[in-house]
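> Sequence:
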Amino acid sequence: MIIRPKAQPGASGHPAIRASKAGLMVRLKEQRLLYVLMLPAIAATLLFSYVPMFGLYMAFINYSPGGGAFFRQFFTTEFVGLQWFEYFFTNGDFVRIMRNTLAQSFLSLLFGFPLPIILALMINEMRNGWFKRTFQTVSYMPHFISWVIAANIIITMLSSGGVINNILTGLGIVDEPIAFMQKGPLFWWIIALGNAWKDMGFNAIMYLAAISAINPELYEVAKVDGASRLKQMLHITLPSIKPTIIILAILAVGGILNAGFDQQYLLQNNTVMEYAEVIDTYTYKYGLQNGMFSYGAAVGLFKSAVAFILVITVNQMAKRMEEQSLF
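Numbering of the sequence shown is given in my numbering, commencing with residue 710 and proceeding in unit increments.
Keep in mind that the hints were calculated from the coordinates and are not lab data.
It cannot be assumed that every hint is accurate.
Restricting the straight-line Cα-Cα distance to at most 25 Å, the calculated cross-link-like pairs of lysine to any residue (SDA-like) are [claimed, not checked]: (1) 951 <-> 1028; (2) 1012 <-> 798; (3) 1012 <-> 1025; (4) 951 <-> 849; (5) 892 <-> 977; (6) 892 <-> 920; (7) 994 <-> 1015; (8) 940 <-> 952; (9) 892 <-> 911.
Ranges of calculated distance between the beta carbons of each label pair, as one might list FRET restraints [said to hold, decoys possible]: (10) 887 <-> 804: 27 to 35 Å; (11) 754 <-> 839: 40 to 48 Å; (12) 862 <-> 744: 42 to 50 Å; (13) 827 <-> 878: 25 to 33 Å.
No experiment lies behind these values; they were computed from the predicted model shown.
By construction, the Cβ of each residue, glycine as well, lies at the ideal position given by its N, Cα and C atoms.
Please take these sequences and the hints and turn them into a complete structure.
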């Protein structure tokens, strides 16, 4: 009698592994059209998100554009290691830039994160269909206005003869108009409220989508038990959209250093520059306007690295506390 050795659990010839491979091939064959449809998205992601990452090398060299071939000059430029990062941390701008970026981002998060949730709850509670649709449409229209137009609206409203000053002086709250756009500490609040106004309605769409997926029978049972609309909102609606809130909170915290560029660049002026300069505008001015490409790349890479660490950290915290996470 010939005794054949048993196949090891991890061997490729194991029946379970063969079945798994066969199942994978079957799924690939059955869903081949879906994979073909994915090819343009995969190609676009590789082309626009991964291929440009070789440019991160610029943060570690002393690059200066010349008349020669780009790639030959790019990869033969002097390697300086972490010199540009050290320069950013020690040149005196780091504290001011980080203060402004974090202050504006935290204020934008303070106003911009809960307001869409509140707006979505308000829209969901509206019973008049025509008014509900009209209100929702009007609420997300500012999102589609470019920041060029939005910045002009904000500047006009906050000018000496603008609506805000007319209301304040008309009610006797102030004796003379306030120069809002010339007061540095107020600039943080202007940016935060401007961001909240512009994106509040559009961000509420995601919460409305989550609310629409809630089983209507839960509300019917709550009504039978005598629950008011407020209690239904607190004990059914909010807990049901909690996973969506957590996911969006993780993404929001990950972008804490993303104070924005368009609104900052369009609303800032020389009188408030001490409070208005953030990482995005700082990178643009030094990296492009001043031709310090390697320095701008180093500052941008620092911002991306911090955002990546924050996303991973907050995601793990959410997974442990709420068993809900982004990945």
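> Next step is simple, just say for each hint if it's right about the structure.
Hint-by-hint comparison with the structure:
Distance check on the hinted pair: residue 951 and residue 1028 sit about 13 Å apart at the alpha-carbon level, within 25 Å; holds. For the hint linking residue 1012 to residue 798, the alpha-carbon distance of about 13 Å falls within 25 Å, and the restraint holds. Taking the CA atoms of residue 1012 and residue 1025, the gap is about 20 Å. The hint holds against a cut of 25 Å. Using a Cα cut-off of 25 Å, the hinted pair residue 951 and residue 849 holds, with the two alpha carbons roughly 22 Å apart.
Among the hinted pairs, residue 892 with residue 977 is consistent with the structure: their alpha-carbon atoms are about 11 Å apart, no more than 25 Å. Taking the CA atoms of residue 892 and residue 920, the gap is about 41 Å. The hint is violated against a cut of 25 Å. At roughly 21 Å between alpha-carbon atoms, residue 994 and residue 1015 fall within 25 Å of each other, so this suggested pair holds. At most 25 Å may separate the alpha-carbon atoms for a hinted pair to count; residue 940 and residue 952 meet this at roughly 19 Å.
For the proposed pair residue 892 and residue 911, the alpha carbon gap of about 30 Å is over 25 Å, so the pair is violated. A C-beta distance of roughly 28 Å is found between residue 887 and residue 804, which places it inside the suggested range of 27 to 35 Å. At roughly 41 Å, the beta carbons of residue 754 and residue 839 sit within the given window of 40 to 48 Å. Range check, residue 862 to residue 744: about 46 Å between beta-carbon atoms, so the 42 to 50 Å window is met.
Taking 25 to 33 Å as the suggested C-beta distance range, the pair residue 827 and residue 878 conforms, at roughly 30 Å.
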